[in-house]
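Visitor: The primary structure of each chain is shown beneath.
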Amino acid sequence: MKEFTEKELAQYDGKNGNPVYVAYKGKVYDVSSSFLWKDGTHQVFHSGGVDLTDALEQAPHGGDVLEKFPVIGILRNVVFDTPSKP
Amino acid sequence: MARVAREMVEKAGINVDQLVELLVKNAAAELTTYYYYTILRCNLIGLEGEGIKEIAEAARIEDRNHFEALVPRIYELGGKLPEDMKAFHDISACPPAKLPTDPTDTMAMLKVLVEAERCAVRGYTHICNMTAGKDHRTYDLSQAILNEEIEHESWFSEFLGEGPSGHFMRRGETSPFVSKFLK
Chain A
1 MKEFTEKELA
11 QYDGKNGNPV
21 YVAYKGKVYD
31 VSSSFLWKDG
41 THQVFHSGGV
51 DLTDALEQAP
61 HGGDVLEKFP
71 VIGILRNVVF
81 DTPSKP
Chain B
87 MARVAREMVE
97 KAGINVDQLV
107 ELLVKNAAAE
117 LTTYYYYTIL
127 RCNLIGLEGE
137 GIKEIAEAAR
147 IEDRNHFEAL
157 VPRIYELGGK
167 LPEDMKAFHD
177 ISACPPAKLP
187 TDPTDTMAML
197 KVLVEAERCA
207 VRGYTHICNM
217 TAGKDHRTYD
227 LSQAILNEEI
237 EHESWFSEFL
247 GEGPSGHFMR
257 RGETSPFVSK
267 FLK
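Going down the list, the protein sequences come from chains A and B.
With the numbering used here applied, the first sequence closes on residue 86, and no number is skipped along the way.
With the numbering used here applied, the second sequence closes on residue 269, and no number is skipped along the way.
Check before you lean on any hint, since a few could be wrong.
Using 25 Å as the maximum straight-line C-alpha spacing, the simulated SDA-like pairs for lysine to any residue come out as follows [claimed, not checked]: (1) B:139 <-> B:254; (2) A:68 <-> B:189; (3) A:7 <-> A:34; (4) A:15 <-> B:173; (5) A:68 <-> B:188; (6) A:38 <-> A:50.
Quick list of the computed label-pair ranges, beta carbon to beta carbon [said to hold, decoys possible]: (7) B:173 <-> A:18: 17 to 23 Å; (8) B:186 <-> A:7: 38 to 44 Å; (9) B:90 <-> A:38: 33 to 39 Å; (10) A:16 <-> B:175: 20 to 26 Å; (11) B:186 <-> A:2: 32 to 38 Å; (12) B:87 <-> A:8: 41 to 47 Å; (13) B:140 <-> A:72: 40 to 46 Å; (14) B:248 <-> A:17: 38 to 44 Å; (15) A:61 <-> B:188: 46 to 52 Å; (16) B:103 <-> A:15: 33 to 39 Å; (17) B:87 <-> A:7: 29 to 35 Å; (18) A:10 <-> B:262: 42 to 48 Å.
No wet-lab data here; the hints were simulated from the structure.
Using N, Cα and C, we set each Cβ at its ideal position, and we do this for glycine too.
Based on the sequences and whatever the hints tell you, model everything.
Guide: Here it is as structure tokens:
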């Protein structure tokens with residue numbers, strides 16, 4: 001599976017015919033087919049080509065909305081869900 | 087435009103241009119949903135479909151009312167509607183509530199209806215969170231719309247077997263929460 005740096009991910013912002021990729025918890029999703037990501041923006045405030053993990057914590061929906069979109073890679077150097085030692 | 091009203095919202099720390107864009111997108115969602123629900127309602131026929139037609143019609147009329155109620159606030163804040171209706175459709179805050187491939191599939195119809203309502207509930211919750219304590223008029227309006235969208239969601243979700251809503255259908259009137267903005 002392809003690994004993306006944040007800089008590489010930023011190229012997929014939905015502008016100028018580029019696909020729209022967003023990252024969430026280390027996975028990179030292709031949301032180009034979504035009506036709600038037209039032109040690389042989502043609900044005014046969110047842009048494609050970025051890691052939305054923090055933004056989704058504040059969103060009126062969970063990360064499950066991304067499950068219907070294909071995972072096309074992983075975001076490099078991002079570690080999630082690491083259990084803490086007691 | 088209501089210049090001082092806009093200034094008050096700006097002073098409260100809200101990016102008014104972003105808020106207006108969000109209101110326009112939600113107004114687009116309401117008007118397009120009104121259109122798509124017209125088609126859904128026409129196709130809600132037969133033994134199963136007829137039972138849903140009445141609430142689909144109430145939701146349809148109330149979504150049109152939401153559009154009507156949102157428009158003055160958009161202009162008060164210095165915004166405007168796009169001149170091109172096709173562009174207006176395409177910036178909608180929610181996906182088109184299109185007729186399912188099989189219009190006789192009542193469950194598929196209900197899923198379209200409930201997903202449209204859930205998108206609206208998320209959208210107005212976001213606007214309420216954004217404006218609470220800062221833009222009292224937009225908050226009041228969004229909260230009124232949110233109340234109705236939540237009722238719509240629960241009506242349709244009952245038919246999907248997700249549990250009772252505790253509501254009874256409208257008794258002749260529509261928009262019990264939003265009507266104060268339509269006078």
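Visitor: All hints are to be evaluated individually against the structure, with a verdict given for each.
Guide: Hints versus structure:
A distance of roughly 15 Å separates the Cα atoms of residue 139 (chain B) and residue 254 (chain B); the hinted pair therefore holds under the 25 Å criterion. As the CA atoms of residue 68 (chain A) and residue 189 (chain B) are separated by approximately 23 Å, the hinted pair is consistent with the 25 Å bound. Taking the CA atoms of residue 7 (chain A) and residue 34 (chain A), the gap is about 23 Å. The hint holds against a cut of 25 Å. In summary, the hint linking residue 15 (chain A) to residue 173 (chain B) is supported, as the alpha carbons are separated by about 17 Å, within the 25 Å threshold.
Between residue 68 (chain A) and residue 188 (chain B), the direct Cα distance comes to roughly 22 Å. Compliance with the 25 Å bound is thereby established for this hinted pair. Of the supplied pair hints, the one linking residue 38 (chain A) and residue 50 (chain A) holds, its CA atoms being roughly 15 Å apart against a limit of 25 Å. At about 21 Å, the beta-carbon gap between residue 173 (chain B) and residue 18 (chain A) stays in the expected band of 17 to 23 Å. Restraint check, residue 186 (chain B) to residue 7 (chain A): a C-beta distance of roughly 42 Å satisfies the suggested window 38 to 44 Å.
At roughly 35 Å, the beta-carbon separation of residue 90 (chain B) and residue 38 (chain A) lies within the given 33 to 39 Å, and the hint holds. A hinted range of 20 to 26 Å for the beta carbons of residue 16 (chain A) and residue 175 (chain B) is consistent with their spacing of about 23 Å. Between residue 186 (chain B) and residue 2 (chain A), the C-beta spacing of about 35 Å keeps the proposed range 32 to 38 Å intact. Checked against the hint of 41 to 47 Å, the pair residue 87 (chain B) and residue 8 (chain A) passes, with Cβ atoms roughly 43 Å apart.
For the pair residue 140 (chain B) and residue 72 (chain A), the supplied restraint of 40 to 46 Å holds, since their beta-carbon distance comes to about 45 Å. At roughly 40 Å, the beta carbons of residue 248 (chain B) and residue 17 (chain A) sit within the given window of 38 to 44 Å. A hinted range of 46 to 52 Å for the beta carbons of residue 61 (chain A) and residue 188 (chain B) is inconsistent with their spacing of about 28 Å. Residue 103 (chain B) and residue 15 (chain A) have their C-beta atoms about 20 Å apart, which leaves the hinted 33 to 39 Å range violated.
At about 41 Å, the CB distance of residue 87 (chain B) to residue 7 (chain A) disagrees with the hint of 29 to 35 Å. The beta-carbon spacing between residue 10 (chain A) and residue 262 (chain B), approximately 47 Å, falls within the hinted interval of 42 to 48 Å.
The structure shown violates the earlier hints numbered 15, 16, 17.
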